Amino acid sequence: MKKQIKFYSGNIAAAEGALVAGCRFFAGYPITPSSEIAEHMALRLPQVGGVFIQMEDELASMAAILGASWGGAKSMTATSGPGFSLMQENIGLGAMTETPCVVINVQRAGPSTGMPTLVGQADVMQARWGSHGDYEIIALSPFSPQECFDLTIKAFNLAEEYRVPVIVLMDESVGHMFEKVVIPPKDKIKIVERKKPTVPPEKYMPYKAEDFVPEMACAGEGYNVHVTGLTHDEKGYPQATDPEVQDRLVRRLCDKIRKNEKKLRDIEEYEMDDAEIAIVSFGISARSSKAAVRFARQHGYKVGLIRLKTIWPFPDEYFEKLADEIKKFVVVEINYGQIKLEVERNVGREKTHLLPKMGGEIHKPEEIYRKIKEVYNGN
Amino acid sequence: MRMEIKFGGFGGQGIILMGNITARAAAIYDGKNAVFTPSYGPEARGGAASSNVVISEEEIDYPYVTNPDILVVMSQGAYEKFAPILKDDGLLIIDEDLVKLRNGEGKVAKIPATRIAEELGKRIVANIVMLGFFTGVTKLISYDAIKKAVLESVPARFRELNEEALEKGYRQGIEWQEE
Chain A
1 MKKQIKFYSG
11 NIAAAEGALV
21 AGCRFFAGYP
31 ITPSSEIAEH
41 MALRLPQVGG
51 VFIQMEDELA
61 SMAAILGASW
71 GGAKSMTATS
81 GPGFSLMQEN
91 IGLGAMTETP
101 CVVINVQRAG
111 PSTGMPTLVG
121 QADVMQARWG
131 SHGDYEIIAL
141 SPFSPQECFD
151 LTIKAFNLAE
161 EYRVPVIVLM
171 DESVGHMFEK
181 VVIPPKDKIK
191 IVERKKPTVP
201 PEKYMPYKAE
211 DFVPEMACAG
221 EGYNVHVTGL
231 THDEKGYPQA
241 TDPEVQDRLV
251 RRLCDKIRKN
261 EKKLRDIEEY
271 EMDDAEIAIV
281 SFGISARSSK
291 AAVRFARQHG
301 YKVGLIRLKT
311 IWPFPDEYFE
321 KLADEIKKFV
331 VVEINYGQIK
341 LEVERNVGRE
351 KTHLLPKMGG
361 EIHKPEEIYR
371 KIKEVYNGN
Chain B
380 MRMEIKFGGF
390 GGQGIILMGN
400 ITARAAAIYD
410 GKNAVFTPSY
420 GPEARGGAAS
430 SNVVISEEEI
440 DYPYVTNPDI
450 LVVMSQGAYE
460 KFAPILKDDG
470 LLIIDEDLVK
480 LRNGEGKVAK
490 IPATRIAEEL
500 GKRIVANIVM
510 LGFFTGVTKL
520 ISYDAIKKAV
530 LESVPARFRE
540 LNEEALEKGY
550 RQGIEWQEE
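Listed in order, the protein sequences are those of chains A and B. This note's numbering applies: residue 1 is where the first sequence begins, and numbers increase by one. This note's numbering applies: residue 380 is where the second sequence begins, and numbers increase by one.
For the record, the hints were derived by calculation from the structure and aren't laboratory data. No experiment lies behind these values; they were computed from the predicted model shown. Even glycine gets a Cβ: it sits at the ideal position worked out from N, Cα and C. Hints are not guaranteed to be accurate.
[Stated by the list, open to error] Derived CB-CB ranges, DEER-like:
| no. | chain 1 | residue 1 | chain 2 | residue 2 | range |
| --- | --- | --- | --- | --- | --- |
| 1 | B | 535 | A | 345 | 57 to 65 Å |
| 2 | B | 539 | A | 51 | 34 to 42 Å |
| 3 | B | 437 | A | 269 | 53 to 61 Å |
| 4 | A | 89 | B | 538 | 34 to 42 Å |
| 5 | B | 537 | A | 117 | 27 to 35 Å |
| 6 | B | 437 | A | 361 | 20 to 28 Å |
| 7 | B | 467 | A | 262 | 46 to 54 Å |
| 8 | A | 374 | B | 487 | 38 to 46 Å |
| 9 | A | 113 | B | 476 | 38 to 46 Å |
| 10 | A | 59 | B | 500 | 46 to 54 Å |
| 11 | A | 185 | B | 482 | 30 to 38 Å |
| 12 | A | 54 | B | 500 | 37 to 45 Å |
| 13 | A | 196 | B | 518 | 52 to 60 Å |
| 14 | A | 374 | B | 485 | 31 to 39 Å |
[Claimed, not checked] Covered stretches of chain A, as calculated for chain B (at least 3 residues, CB under 8 Å):
| no. | stretch |
| --- | --- |
| 15 | 175-186 |
| 16 | 288-294 |
| 17 | 360-373 |
Please model the entire structure based on the sequences and the hints provided.
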């Protein structure tokens, strides 16, 4: 099969990426500005033998995709801020039960119902910390329709590999803008499937892992399947009063992501070779940032761009190393300082600057350029 | 070079589709970079509608239209709303039956797109007449590319009608250019 060239919005590209990745179950509840994803999945899933369900709300949507995953399907939901809030409880259940699934959040301006039709990037911390208890999550942030396609495939692959809900943190701008999307031939796209048990059913330990991630038997495959949100041992039995079991479990849930941060790291560096100042950005904000860097370079400013494609886990080590080389970091994001906190944690307060935007619009390259000049000149 | 184009009119005229077709033609059939962003809000048929296209040979970073080089309007409301942001040396393209100009406009190209569409038997193809005119006047997109993009956007039984509409507009656009 040859590569195909399409003209897609980010939302449609994400839905098509999900299908290519093998998604065959979608449960969701429509919400602006993510609804086109559900709409497109409702059209496309029946064509490929999949199932689409419009649920009664987002709590149920999230529950349904966890169930589908345990039934053996690759599953997904898509929402925006208010719906993402409602999903948090079951995202935690997904983390605890190590259920591969993908949640797309097309961010709009919040808090609460905020500005339904307009852009925001303020759910970054919520994606990381939205559910209670200690857990780690993976979150990816595309900055173009092409990346909505690519990173949604990647999200499914990582969900399968690490057995964790993976969040695709899109935003309204990226979701609604149309651009060329190249769809590679099928045999050029890497697809990952969850590890299946290799031992006979009587020897299967559903939560015992050699390398952090246990093999996953699904319902109906002849193995005992235990799924509980309670603290559980390697057999999957609840051990809700044993701190040692809790210690082992929580360490593993977190370490399977933390200890693989380097592998999960996905950063685009632009003009960073001799940069003295680094813009740090992601999603749609990184496009304005790139324009500003291009312009600033023409005017002799030694500035580069660090674009985070993987937001969580945060690349601590990467920033720690850069702290000596780079004089100032300017974080450009459509919120009042979230990724800024992560950068600050690694490079120090005095080196970190923020160019926030409260939502409803994206940064203009000119404002970023002005900030670059200001920081460059030490103001 | 980066070119910003804004299409404006009222909901139901196919304004959003115009932007989509234009950008798709440029991106897929002319091999340039193009971004299309529909105006997005609580909008309805009869209300104001607009869509935006950025076309460039280079990578397009900032995706939105701030000061269009070309403004194509098919309603008085859209003209009043968007004319102030048109670049000083920008080109204004209007449906001359639907837009009454204030004095002192710069470069203007006019066509009675809706009237032509009515003569063709379907008012609904006015946007395609206008797209043809836009293509002829600006030469930003090849005729071949816009034709492909139009024809793949319409149901098979309306292909002939749309092709005729596109060609009529295009020929007038070429004439305008020659004048």
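Consistency of the hints with the structure:
Residue 535 (chain B) and residue 345 (chain A) have their C-beta atoms about 59 Å apart, which keeps the hinted 57 to 65 Å range intact. At about 40 Å, the CB distance of residue 539 (chain B) to residue 51 (chain A) agrees with the hint of 34 to 42 Å. For residue 437 (chain B) paired with residue 269 (chain A), a C-beta distance near 20 Å fails the hint of 53 to 61 Å. The given range of 34 to 42 Å is broken by residue 89 (chain A) and residue 538 (chain B), whose C-beta atoms sit roughly 52 Å from each other.
For residue 537 (chain B) and residue 117 (chain A), the hinted distance range of 27 to 35 Å is satisfied, since their beta carbons lie about 31 Å from each other. Between residue 437 (chain B) and residue 361 (chain A) the Cβ separation comes to about 24 Å, which falls inside the hinted range of 20 to 28 Å. At about 52 Å, the beta-carbon gap between residue 467 (chain B) and residue 262 (chain A) stays in the expected band of 46 to 54 Å. Checked against the given bound of 38 to 46 Å, the beta carbons of residue 374 (chain A) and residue 487 (chain B), roughly 41 Å apart, stay inside it.
Between residue 113 (chain A) and residue 476 (chain B) the beta carbon distance is about 42 Å. The supplied range of 38 to 46 Å therefore holds. For residue 59 (chain A) and residue 500 (chain B), the hinted distance range of 46 to 54 Å is satisfied, since their beta carbons lie about 52 Å from each other. Judged by the Cβ atoms, the range 30 to 38 Å given for residue 185 (chain A) and residue 482 (chain B) is violated: they are separated by roughly 58 Å. Evaluation of the 37 to 45 Å hint for residue 54 (chain A) and residue 500 (chain B) yields a pass: the beta carbon distance comes to about 40 Å.
Taken as a hint, the range 52 to 60 Å holds for the pair residue 196 (chain A) and residue 518 (chain B), whose Cβ atoms sit roughly 59 Å apart. Separated by about 36 Å at the C-beta atoms, residue 374 (chain A) and residue 485 (chain B) satisfy the suggested range of 31 to 39 Å. Only residues whose beta carbon comes within less than 8 Å of a beta carbon in chain B count, and the stretch 175-186 of chain A has 5; three or more means the coverage holds. As drawn, the stretch 288-294 of chain A meets chain B at 4 residues by the rule of a beta-carbon pair under 8 Å; at three or more, the given contact holds.
With a cut-off of 8 Å between beta carbons, the stretch 360-373 of chain A has 3 residues touching chain B; three or more are needed, and the interface restraint holds.
Hint check: violations occur at hints 3, 4 and 11; the rest are consistent with the structure.
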